[in-house]
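A.B. asks: So the chains spell out like this:
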Amino acid sequence: MKQADPRTARVVIVGASAGGTSAAEALRARGHEGPIILIGSEQHAPYDRPPLSKQVLGSAPVDSATLALRGKDHLRDLGIEERYGVTADDLDLARRRVELSDGTAAEFDRLIIATGVAARKLPHAEGLAGVHTLRTIDDALKLRSALTEASRVVVIGGGFLGTEVAAAAAGQGAGVTIASSSRTLLQSAVGELIGQQVTDLHRGNRVRVRAGSEGRVRTLQSRGGRVSGVTFVSGAPEPADLVVVCIGSEPAVDWLRFSGLAVEDGVQCASDCSAAEGVYAVGDVATWHNPRFNMSMRVEHRTNATEQALHVAERIMAGDRTPYAPVPYFWSDQYDLKLQAHGYLRGHDEVHVAEGDLTSRRLIALYRRGPALTGVLAVGAAKALRQWRSRIESGMNWDDAIGLT
Amino acid sequence: MKFDIELDKCVGAGVCAIAAPKVFDQNDDDGIIVVLNPSPSPDQEAAVRDAAVRCPAAVIKLTEQ
Ligand SMILES: Cc1cc2nc3c(=O)[nH]c(=O)nc-3n(C[C@H](O)[C@H](O)[C@H](O)COP(=O)(O)OP(=O)(O)OC[C@H]3O[C@@H](n4cnc5c(N)ncnc54)[C@H](O)[C@@H]3O)c2cc1C
Ligand code: SF4
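In order, the protein sequence lines correspond to chains A and B.
For the first sequence, position 386 (counting from the first letter as 1) is numbered 821 according to the working numbering, and the numbering increases by one without interruption.
For the second sequence, position 40 (counting from the first letter as 1) is numbered 132 according to the working numbering, and the numbering increases by one without interruption.
Calculated directly from the structure, the hints in this document are not laboratory data.
Be a bit skeptical, because a hint or two may be false.
[Unchecked claim] Cross-link-like lysine-lysine pairs, in silico, PhoX-like; alpha carbons within 25 Å at most:
no., chain 1, residue 1, chain 2, residue 2
1, B, K101, A, K577
2, B, K153, B, K101
3, A, K507, A, K489
4, A, K489, A, K818
5, A, K556, A, K489
6, B, K114, A, K507
7, B, K153, B, K94
8, A, K507, B, K153
9, A, K818, B, K153
10, B, K94, A, K773
11, B, K94, B, K114
12, A, K489, B, K101
13, B, K114, A, K489
14, B, K94, A, K507
15, B, K114, A, K556
16, B, K94, A, K489
17, A, K577, A, K556
18, B, K114, B, K153
Please work from the sequences and hints to get the whole structure.
C.D. replies: Right under this line is the structure:
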């Protein structure tokens, strides 16, 4: 297929959050002058999600300007057509158009899919009062107000979201239990060794942690349409007037069902992040092959959404297929500690603590996959962390890395 | 060029220091941005612009071209 001149090509971006906004902006920064249509289902102008489980759930008020991803009018001034409150329902690749919920269609020369993920729900909890999930600002405001009245909170899920929500809830004075079916909190994200330290940190902050079969939920109990407790595969049930379900997410690919694109566990992309000719995916929704780690990944981290969007904007403007080979990065706030990690930690073969522990507020842990250093996690060691990052970038072998500790 | 920093929004990601190491550094404790050079020379401009775009918390605002 003959592609239009990239500078004047009509670009449609579906999903108006971190990935979509960055892509629009980056296209303009690289000299794109044609129409850019930014479509997002949420009514709100683009805002940032990480504060939703941190500042927004705290006691201090947060105004919407701090959450906004871009200053008011910034995107409009760049000549970007913003269409909020409109959902893409279908993609017709042959006719190169996206069908929208308002009955119109958006035609494109290039398409960027940035629809992110949606919170996974607990089956059978639909419609039960007092049961929350957290993905959007509307979710966060509802949860914030529910927290001020709750006295017994059960958080289901011991990943980043669950642990941050539990910490926030404990800060509001409620009795908090966090339930995880893994042996430790954050186990799949950072491994058991560091996961155990995070578990101890929560216990030290008066959060009750149920792990393993004691933390595997059987059902929610309710009374008069409102949740009243949680039962588990083993151990005593927990009474609850507020349950926050943080059991992961599902890529928002429903609208692509009939498109012909491969969408199992996200939009399947080649290493340059293209999913079809002139069609790309970025952010939480995109699975691509990362040549640096020689593996397929889908990364639900804030900085990746921006980085991947910049990469795709460059590919569109350059018209080439340079692979996207980042060292992923994430951070998570746990009470007053900030965990930061570079690399790919999931599915690692070994963890080595190079320095310290959480209790001393300084920790550096290295992660191995195969023969190579593939990840580093740190607390209170920002500079050392950057050094380790460049060693991951250079593909340092594990034994050499250990030799440096 | 000149820029403004909104310190209280910084999440300590360090993307700025990776993109423009001559202009930005981080506080070792919490990773919060430290400005090494408040008026970078023209050869640093592209790097600072890159840092501003990549920063996940939009902390760095370019004020003067
Ligand atoms: C509470 C919370 C805390 C977080 N904390 C951290 C953290 O500390 N560190 C970190 O690294 N990451 C964190 N993250 C993850 C980070 O926010 C995400 O990686 C980032 O938001 C991904 O951006 P995205 O643009 O890919 O997708 P999203 O932010 O999910 O945005 C996708 C957008 O597309 C819209 N959309 C979906 N389907 C359609 C459709 N069919 N038509 C139109 N629009 C559609 C959605 O409504 C949404 O607005 C957190 C996430 C949450 C929810
Ligand atoms: S990239 Fe942004 S958030 Fe991260 S340290 Fe620099 S200024 Fe702070």
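A.B. asks: Checked against the structure, which of the hints given earlier come out wrong?
C.D. replies: 6, 10, 13, 15, 16
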